[in-house]
Amino acid sequence: MIQIEHLEKTYTSKQGRVTALQEVSLHIPQSAIYGIIGLSGAGKSTLVRCLNLLEQPTSGRIVIGGQDLTRLSGKDLRQARQKIGMIFQHFYLLQSRTVAENIAFPLELAGVSKEEIVARVKELLSLVGLKEKANVYPSQLSGGQKQRVGIARALATKPQVLLCDEATSALDPQTTLSILNLLRDINQRLGLTIVMITHEMKVIKEICTDVAVIHEARIVEQGPIESVFIRPQSEIAKQFVSSVFPNEMPPELLRELAAHSNSELIRIHFVGSRASDPVLTDLVRHCKVQANILYGSIDHLRATLFGSLTLELLGTPEQLAEAHTYLQNREVQVEVIERGF
Amino acid sequence: MDFEWSMLADLSYWHTTLQLLFPAFGETLYMVLAATFMSYALGLPLGVLLVVSSPGHVLPNPWIDRVLGTVINIFRSAPFIILMVALIPFTRLVVGTTIGTTAAIVPLVISAAPFVARMVESSLKEVPHGVIEAALSMGASPWQIIYKVLIPEAKASLILGLAITTISVIGYTAMAGAVGGGGLGDLAIQYGYNRFRTDIMILTVAILVLLVQGIQSLGTILARKMVEH
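Heads up: the protein sequence lines correspond to chains C and A, in order.
Just so you know, we're using our numbering here: the first sequence kicks off at 1 and counts up by one.
Just so you know, we're using our numbering here: the second sequence kicks off at 1 and counts up by one.
In short, the hints are calculated from the structure, not lab data.
Glycine is no exception: its CB is placed at the ideal position from the N, C-alpha and C atoms.
Be a bit skeptical, because a hint or two may be false.
Claimed, not checked - Here are the simulated distance ranges between beta carbons:
(1) C:Gly129 - A:Gly171: 49 to 57 Å
(2) A:Leu59 - C:Lys158: 43 to 51 Å
(3) C:Val136 - A:Leu42: 34 to 42 Å
(4) C:Asp185 - A:Lys225: 32 to 40 Å
(5) A:Lys225 - C:Lys131: 54 to 62 Å
(6) A:Arg224 - C:Pro29: 36 to 44 Å
(7) C:Lys202 - A:Leu42: 31 to 39 Å
Said to hold, decoys possible - In silico PhoX-like links for lysine-lysine, alpha-carbon gap of 20 Å or less:
(8) A:Lys225 - C:Lys114
(9) C:Lys122 - C:Lys133
(10) A:Lys155 - C:Lys75
(11) C:Lys83 - C:Lys158
(12) C:Lys114 - C:Lys131
(13) A:Lys155 - A:Lys225
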């Protein structure tokens, strides 16, 4: 659906050149909810703004639905933009228009007839659950309601793509969830491709199918969220993952729990069906070691269960070696933290 | 005729005074309305141009931005009384005469239009950049941004600016009166100052005070209506 090829963006200012995006290539499949996460200043906002050419890329191509946007200008670009919806952290509704008039706005721009606008606005109001608020002004709405208007407005021209620039960052956790649920619902009902820019991993965890991690102007990691969450490769991705899945024990706790002379501290990671197998019981029975659970968490990503446990295994060196083999055979990833011998 | 308090009881005093005040008030109103209207006809497009041509806006153009800005500053730095004299040949060219109420409108417009352009500029700059970007992301053309986003969103501020401009023009018309432009200012100088008619002076000032108050209140009320829904 969206093909980003060798995208570069540099700003030239008096202080010199700043690289905002470097060698960014991404493929965003149709109907995906694609998350792009990064710290502030990583370039994620620039990236999403390049997707509808609010920001002119320095080089590279943006192909959406087979059309190379970077070659368009003027009227062609405006028409292409009508097929790309966008919502913003601060909503950016027109204060002088009612909710219904705000939703009608992109349709007016596109030259849709009055009767069609009325019908379409009605449809969109019920889609986002704001039927009673049609004639209310944005200043009387809560943040969540404003974002619902933003979503309805972005969907008015029936776009194929919805860009979300930190769309939930100004909302409280509960409202965030309701907006994310709405987005997921729209994604499933309309088959819309959604690109979400965020700095919050829990947003990605909640609804994304794929994720790209952007750090210092580059994409450092990308893939389906299961693979990025379960086996993050880069340091920054590990930090993001640990913000939602705290699987590393705090060091001061770990120091107190130093391994005994006949034991070792290990961390095991399991995914999918492994998470529901009675691995630990089997381990204790089979290898005659004792297992002491020190720390851990089990969570899920869409339909996949996954988790990690920090264990102290007690036994002779031979028993412990056997335990390692056993765990490896069960396809559980083992990480040794400390050995007591 | 010098003023005495006992005259206030005399009906004929009021008769002659109102005969002086009424036409002068009419002239002032005519000058203010015509000059303000034409200042906006010129200044509004210039203000819009100043905003949209600024860097990073919808039609960035450093040349227009700079040249227009400089020309506006030059006109704004000339004192009105000087401008009025300097523009005499131009005024004759436009309206065929250099004295009278209609002739005063020409320098009034030339002087107020750059002011209007700056007022409009500052009002339109209050519209958050994000709102403009949101409209761009929906495929709005620069022209649509101007008349569907910038002007409607800045309506309250534009109306306050209109009130301020109108009041400034009232002040200028009083000055225009000094050189034979007619209106309340003229009356105040000719009767109140030259003929020591303090009563006429006080009455003209009182009328001007009421006019200014009225316009400002109207502007404030209308602007508030735009914001409070």
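Cross-check of the supplied hints:
| no. | hint | in the structure |
| --- | --- | --- |
| 1 | C:Gly129 - A:Gly171: 49 to 57 Å | holds (54 Å) |
| 2 | A:Leu59 - C:Lys158: 43 to 51 Å | violated (29 Å) |
| 3 | C:Val136 - A:Leu42: 34 to 42 Å | holds (38 Å) |
| 4 | C:Asp185 - A:Lys225: 32 to 40 Å | holds (38 Å) |
| 5 | A:Lys225 - C:Lys131: 54 to 62 Å | violated (27 Å) |
| 6 | A:Arg224 - C:Pro29: 36 to 44 Å | violated (51 Å) |
| 7 | C:Lys202 - A:Leu42: 31 to 39 Å | violated (55 Å) |
| 8 | A:Lys225 - C:Lys114 | violated (27 Å) |
| 9 | C:Lys122 - C:Lys133 | holds (11 Å) |
| 10 | A:Lys155 - C:Lys75 | violated (28 Å) |
| 11 | C:Lys83 - C:Lys158 | holds (7 Å) |
| 12 | C:Lys114 - C:Lys131 | holds (19 Å) |
| 13 | A:Lys155 - A:Lys225 | holds (10 Å) |
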